[in-house]
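Assemble the whole structure, with the sequences as input and the hints as a guide.
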Amino acid sequence: MTLLGRLPTHKPEHAPSLASPMTLDEPLTPEAEAQVQLPQVSQSPPPPSPPSHFKHVLSSIWHWPWLNECLAILASILLVIAIGIVLDRYHDQPVPHLPLDININTVVALIATLMRAALVYVIVQVLGQVQWCWFSSPKPLYDLHHFDQGGQSLIGSWDLFIHMLRTGLRSFGGIAAITAATILATSFAITPFVQQTVRTISCETPLATEAAIMPIARYVPWPNGRPKAVNKVGVNYPNEISPAFRNAIISSLSSPSLEIQAVRPSCPTGNCTFPPYSTMGLCSVCTDVSDLAVWEEVPSNASYYSTGTHFKISIPNVRNTTWINSQNILNERNNREQPVGLSVTYLEPSSIGSDQVEWPLDVTDVFHVDVLAFSDGKCVQDPDGGKVCPQNILIDDVYDENKTTGFVAVSCKIYPCLRTYKAQVNLGVFTEELQSTVYANLANSNHTGQGGEGRGSSFSAMQSPCTLPNGKTYTDANITEFSPGPTERYINVTVWRGKLGTAQLGEEVKVPPECLYHLAVEFVEWMKGFFYPAILGPENPCRFGNYDDYSSQVVTCDRWWLAELYNSRNATNETVWRVMDAFTKAISDQFRVTGDWPNEDWTQEILPNNITGVVTQTGVCLSFAWEWLLLPASLVGFTMVLLAVTIMHSHRHAD
1 MTLLGRLPTH KPEHAPSLAS PMTLDEPLTP EAEAQVQLPQ VSQSPPPPSP PSHFKHVLSS
61 IWHWPWLNEC LAILASILLV IAIGIVLDRY HDQPVPHLPL DININTVVAL IATLMRAALV
121 YVIVQVLGQV QWCWFSSPKP LYDLHHFDQG GQSLIGSWDL FIHMLRTGLR SFGGIAAITA
181 ATILATSFAI TPFVQQTVRT ISCETPLATE AAIMPIARYV PWPNGRPKAV NKVGVNYPNE
241 ISPAFRNAII SSLSSPSLEI QAVRPSCPTG NCTFPPYSTM GLCSVCTDVS DLAVWEEVPS
301 NASYYSTGTH FKISIPNVRN TTWINSQNIL NERNNREQPV GLSVTYLEPS SIGSDQVEWP
361 LDVTDVFHVD VLAFSDGKCV QDPDGGKVCP QNILIDDVYD ENKTTGFVAV SCKIYPCLRT
421 YKAQVNLGVF TEELQSTVYA NLANSNHTGQ GGEGRGSSFS AMQSPCTLPN GKTYTDANIT
481 EFSPGPTERY INVTVWRGKL GTAQLGEEVK VPPECLYHLA VEFVEWMKGF FYPAILGPEN
541 PCRFGNYDDY SSQVVTCDRW WLAELYNSRN ATNETVWRVM DAFTKAISDQ FRVTGDWPNE
601 DWTQEILPNN ITGVVTQTGV CLSFAWEWLL LPASLVGFTM VLLAVTIMHS HRHAD
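Take the sequence shown: its position 596, counting from 1, is numbered 596 in full-length UniProt numbering, and each next residue is one higher.
Simulated from the structure, these hints should not be mistaken for lab results. Check the hints yourself; a few may be wrong.
Stated by the list, open to error - Have a look at the derived ranges for each label pair, beta carbon to beta carbon:
1) GLU627 <-> GLU433: 33 to 39 Å
2) GLY428 <-> VAL95: 21 to 27 Å
3) GLY471 <-> THR269: 27 to 33 Å
4) ASP88 <-> THR269: 26 to 32 Å
5) TRP158 <-> VAL641: 18 to 24 Å
6) ASP384 <-> VAL429: 47 to 53 Å
Since we're looking at a predicted model, the values are computed, not measured. Note that CB positions come from ideal geometry on N, CA and C, so glycine has one too.
Listed below in structure tokens is the structure:
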């Protein structure tokens with residue numbers, strides 16, 4: 001049984017009409033003429049009215065010879081679209097669980113098979129019509145064999161294509177047969193191509209039964225900026241920071257490039273995502289003040305090893321002097337001391353001559369750090385192989401090539417701030433990226449419903465923008481529009497305007513508690529009590545060399561964690577700022593992970609010091625490679641064009 005069948009012995013509906021052998025030119029015989037009776041006029045009622053135009057059109061379509069072929073090509077188009085819809089529905093989605101455990105490849109292959117069946121039906125009917133066009137003129141009988149085999153197999157289609165390519169390029173039937181054979185042969189690739197559109201990829205899918213938790217610091221350490229009652233019986237306020245804080249500070253100064261991850265979010269699967277979040281912390285800003293340094297010539301008899309001119313370099317300020325010296329000098333006890341290569345000084349905000357310094361950010365700090373060090377950071381090599389520095393200072397060193405250097409002076413402000421991050425956990429590895437920082441103002445704040453209890457000063461910052469659970473979003477620009485309802489909680493915040501010492505209270509503003517972050521002034525004083533003198537101290541001179549080598553490439557500090565600021569005699573404003581950033585980040589992280597703040601049993605609900613993220617798990621998802629669908633879609637398009645041309649040709653040559 002073939003797709004085309006044998007050539008029928010009768011004319012199909014699509015074939016052109018043949019002339020009838022009968023004619024009426026011969027005259028009738030008398031006998032026949034007698035038998036012819038004229039029609040009688042009947043008195044029957046008039047015939048019924050003709051059918052309506054709409055019914056006539058429907059009847060014409062129903063009896064149209066090409067109706068089935070047009071419906072088949074329409075079905076092919078719809079099936080191609082169906083494949084695209086199915087694949088788009090599951091694109092980048094987990095592998096679906098279909099009834100009877102059928103996978104998506106099976107569904108797509110089934111649709112592709114139906115599409116090809118409709119396509120082949122149209123091509124076979126077109127070839128049947130092309131046969132009549134081809135044999136309308138004398139042709140070899142063997143051509144019937146080519147048409148018969150053309151619709152049966154891939155080899156038959158190829159054979160028809162080659163034969164028509166040799167003999168039929170000058171006729172419509174030959175060109176149509178070549179096109180039909182090409183489409184028919186290529187259609188065997190439809191199913192493999194369609195199956196290639198479905199690919200599997202590794203993907204992350206949300207796990208609704210689990211939650212990821214990221215610690216943040218919303219209140220440090222109390223929800224209202226200070227304890228409700230400092231002398232409350234049964235509550236112990238240690239007035240000092242914990243050992244974890246101390247270890248974090250020392251580690252950040254001694255190894256600023258070492259990523260010590262103190263914050264560890266809860267992520268059950270090892271793959272979690274978090275929305276952008278804010279947390280209370282500390283920040284730093286540094287600037288180069290080398291131009292403010294003062295050079296002081298050391299008396300010549302103070303030098304022990306050298307006879308050249310020697311200098312003592314210092315940064316004067318209100319209370320202390322940060323200084324370094326270039327040569328061995330005699331101290332008050334007439335002992336020879338090694339040169340001081342690095343000096344770090346802790347300063348209170350009121351001790352700074354800020355009017356002489358241009359800062360990248362105009363912020364009020366809680367304390368101040370001055371760093372002065374000999375440095376080759378600004379030195380360059382001259383063409384002769386020597387070294388040229390801006391100051392060209394001669395220092396004592398056991399190596400001649402190290403005796404010329406310069407210096408750098410850096411001032412840094414440490415100030416409270418709101419730090420905003422974005423973070424994720426991927427395959428168990430936690431990464432957190434700082435997005436922005438906002439300076440925290442000194443403010444008075446009070447929760448509603450507590451009267452004056454708990455009211456106190458704190459460094460406060462508002463998250464902007466801040467979206468409340470009811471969907472409303474507030475920023476610094478429109479926070480005055482916040483109007484809480486009778487049962488809605490809010491915080492009265494009054495920001496201090498101006499600089500410390502001359503600041504005055506400004507206008508009171510109502511702020512939703514979800515948007516406000518605090519750092520208690522009392523806790524800042526606790527931290528400063530540890531920084532000075534345990535960590536930084538009033539003066540921290542670090543001398544050249546170590547116990548084995550007196551090279552100026554290294555310094556030895558009584559507080560050993562400060563030596564990293566020297567950076568092997570290559571300190572710059574950037575390297576000092578990097579150390580200060582590591583320092584403030586370590587403290588900010590401790591704000592987030594400390595879980596033993598004094599518990600005062602607040603009467604109202606306190607917002608949690610954490611945010612929730614989405615837990616994901618690694619699974620298998622589907623991916624739609626749409627380019628593999630171009631072949632089936634193209635074949636449907638070519639078939640539709642071939643059918644339209646064939647229909648027009650058959651109607652044009654119907655007689």
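Okay, the hints, checked on the actual structure:
no. : hint                          : result
1   : GLU627 <-> GLU433: 33 to 39 Å : holds, 35 Å
2   : GLY428 <-> VAL95: 21 to 27 Å  : holds, 24 Å
3   : GLY471 <-> THR269: 27 to 33 Å : holds, 30 Å
4   : ASP88 <-> THR269: 26 to 32 Å  : holds, 28 Å
5   : TRP158 <-> VAL641: 18 to 24 Å : holds, 22 Å
6   : ASP384 <-> VAL429: 47 to 53 Å : holds, 50 Å
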